[in-house]
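> Got two chains here, each in a separate frame; can you build the complex from them with the hints?
If you want the building blocks of each chain, they are given just below.
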Amino acid sequence: AQSVTQLGSHVSVSEGALVLLRCNYSSSVPPYLFWYVQYPNQGLQLLLKYTSAATLVKGINGFEAEFKKSETSFHLTKPSAHMRDAAEYFCAVSDRRYNQGGKLIFGQGTELSVKP
Amino acid sequence: SQTIHQWPATLVQPVGSPLSLECTVEGTSNPNLYWYRQAAGRGLQLLFYSVGIGQISSEVPQNLSASRPQDRQFILSSKKLLLSDSGFYLCASPRASLWGYGYTFGSGTRLTVV
Chain A
1343 AQSVTQLGSH VSVSEGALVL LRCNYSSSVP PYLFWYVQYP NQGLQLLLKY TSAATLVKGI
1403 NGFEAEFKKS ETSFHLTKPS AHMRDAAEYF CAVSDRRYNQ GGKLIFGQGT ELSVKP
Chain B
91 SQTIHQWPAT LVQPVGSPLS LECTVEGTSN PNLYWYRQAA GRGLQLLFYS VGIGQISSEV
151 PQNLSASRPQ DRQFILSSKK LLLSDSGFYL CASPRASLWG YGYTFGSGTR LTVV
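Line order of the protein sequences matches chains A and B.
Residues in the first sequence are numbered consecutively from 1343, following our numbering.
Residues in the second sequence are numbered consecutively from 91, following our numbering.
The shape of chain B in the complex, shown without the other chains (with noise of 0.2 Å):
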């Protein structure tokens, strides 16, 4: 079965300090892959997505990137973090089952941004 994991699990950065998330499916190859985001009081709003290696989609403006270097990998990027990014970051991607079609999560990152 398709599994998500993400680490780390939470993170503490200073404002202006680079980030680097990273999401690894298994069970599955060549994964359509997201990467969103939920603010402290806001719902969860698609950043990224990639259809395969080297390819990104961004849905919406903003201080972060994403690489696909592999198949199975997704990474989250920042080169300077702002206190604006703090938020609960998802990967997931979608799966065929049974009954159509659902998406596996990860655990998610916690980031905070002081």
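With the rest of the complex left out, here is chain A (with noise of 0.2 Å):
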């Protein structure tokens, strides 16, 4: 069975310092690791995904995140942040037989705030 633990319910930063947004998985099986943004009053949007090609994957809007089988984590990094980056973020975890009943398990969210 997966599971995805994220670590901080709330992250505050300032415009322009380094966001990070931790999350560790458990999975019996290799993983489809994901991250989603939320923003207020919005369904979810796909940041980026690792399905086992590279280990550092590149989303939209700067993000990053690092798949790190050894420390099981999955950790969400932007450089810079900036005050539309504010929003909640979800760190989620697949197996691979998406198309034999695969489930899509999340984290309970990271809410991002950014000060000016």
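For the record, the hints were derived by calculation from the structure and aren't laboratory data.
Values in this document were obtained by computation on a predicted structure and should not be read as measured data.
Using N, Cα and C, we set each Cβ at its ideal position, and we do this for glycine too.
Each hint should be verified, as a subset may be incorrect.
Computed footprint of chain A on chain B; a stretch qualifies when at least three of its residues, placed anywhere within it, have a C-beta under 8 Å from a C-beta of chain A [as the list claims (entries may be wrong)]:
| id | stretch |
| --- | --- |
| 1 | 134 to 147 |
| 2 | 170 to 184 |
FRET-style restraints, in silico, Cβ to Cβ [unchecked claim]:
| id | chain 1 | residue 1 | chain 2 | residue 2 | range |
| --- | --- | --- | --- | --- | --- |
| 3 | B | 91 | A | 1406 | 19 to 27 Å |
| 4 | A | 1343 | B | 129 | 15 to 23 Å |
| 5 | B | 163 | A | 1411 | 33 to 41 Å |
| 6 | A | 1384 | B | 172 | 22 to 30 Å |
| 7 | A | 1398 | B | 99 | 35 to 43 Å |
| 8 | B | 107 | A | 1372 | 42 to 50 Å |
| 9 | A | 1345 | B | 172 | 23 to 31 Å |
| 10 | A | 1413 | B | 107 | 46 to 54 Å |
| 11 | B | 91 | A | 1384 | 14 to 22 Å |
| 12 | B | 132 | A | 1411 | 25 to 33 Å |
| 13 | A | 1372 | B | 172 | 36 to 44 Å |
| 14 | B | 153 | A | 1358 | 40 to 48 Å |
| 15 | B | 107 | A | 1410 | 47 to 55 Å |
If you want it as structure tokens, here you go:
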């Protein structure tokens, strides 16, 4: 079974500072890993995903994440925060067998605040 | 391309009233479909998933049920709503892409039980 833990339900950074959102996963099979962003009163938007190719994954809006199997982590980073990055971020894990009923399991979310 | 439609976008219902949220998928056949709920201040919780018509698996015990009457239709229901059923409900489906696969989400239904 898969599970995801996001460390820190709230993270606050200053504009221009590094963003680091932590995600650790548990999976009995090689995982697919995702980061989604949810802006206020909107649905989910995919930021990036890891699907067993390069361990450093680049996504939209300047975000990237690195898959570290030894640490079972998939932390999300952005070198310089912008005010528009304020949102809630979800890490998610799924097994490869999506066409056999594989499920997307989410972490509890991290709310990112950006101070001017 | 795969698209998921959900309606209504917002809903305010009294405690004890019934519920029916509909999700339909375009652009694919025989999709796996999922219902997620995001309660206030909490993450996304998987409620139900379906791999085909009439096939429903429940992830957590609750006051809700799901049905899959057609290949591309997934319905979330309740006979009597509770205050704790308030939340943001998302329908989702995995999709194949050139880069492996991802998930398509509907725009969600915000349910407030009063």
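> Indicate, hint by hint, whether the structure satisfies it.
Going down the list of hints, with the structure as the test:
Residue count for the stretch 134 to 147 of chain B with a Cβ under 8 Å from a Cβ of chain A: 6. That meets the three needed, and the coverage hint holds. Judged by the Cβ-Cβ criterion of 8 Å, the stretch 170 to 184 of chain B is covered by chain A as claimed, because 3 of its residues qualify and three suffice. Here the CB-CB span from residue 91 (chain B) to residue 1406 (chain A) is close to 25 Å, well matched to the stated 19 to 27 Å. At about 22 Å, the CB distance of residue 1343 (chain A) to residue 129 (chain B) agrees with the hint of 15 to 23 Å.
Between residue 163 (chain B) and residue 1411 (chain A) the beta carbons are some 39 Å apart, a value that agrees with the proposed interval 33 to 41 Å. With their beta carbons about 26 Å apart, residue 1384 (chain A) and residue 172 (chain B) fall inside the hinted range of 22 to 30 Å. Separated by about 37 Å at the C-beta atoms, residue 1398 (chain A) and residue 99 (chain B) satisfy the suggested range of 35 to 43 Å. Against the hinted window of 42 to 50 Å, the Cβ-Cβ separation of residue 107 (chain B) and residue 1372 (chain A) comes to about 45 Å, which satisfies the hint.
Evaluation of the 23 to 31 Å hint for residue 1345 (chain A) and residue 172 (chain B) yields a pass: the beta carbon distance comes to about 27 Å. Distance hint check: the CB atoms of residue 1413 (chain A) and residue 107 (chain B) are about 48 Å apart, consistent with the given range 46 to 54 Å. The supplied range of 14 to 22 Å is met by residue 91 (chain B) and residue 1384 (chain A), whose beta-carbon atoms lie about 19 Å from each other. Separation of residue 132 (chain B) from residue 1411 (chain A) is about 29 Å and conforms to the stated range, judged on CB atoms against 25 to 33 Å.
For the pair residue 1372 (chain A) and residue 172 (chain B), the supplied restraint of 36 to 44 Å holds, since their beta-carbon distance comes to about 39 Å. About 46 Å separates the C-beta atoms of residue 153 (chain B) and residue 1358 (chain A), a value consistent with the hinted range of 40 to 48 Å. The given range of 47 to 55 Å is respected by residue 107 (chain B) and residue 1410 (chain A), whose C-beta atoms sit roughly 48 Å from each other.
Consistency with the previously given hints is maintained throughout, with no hint failing.
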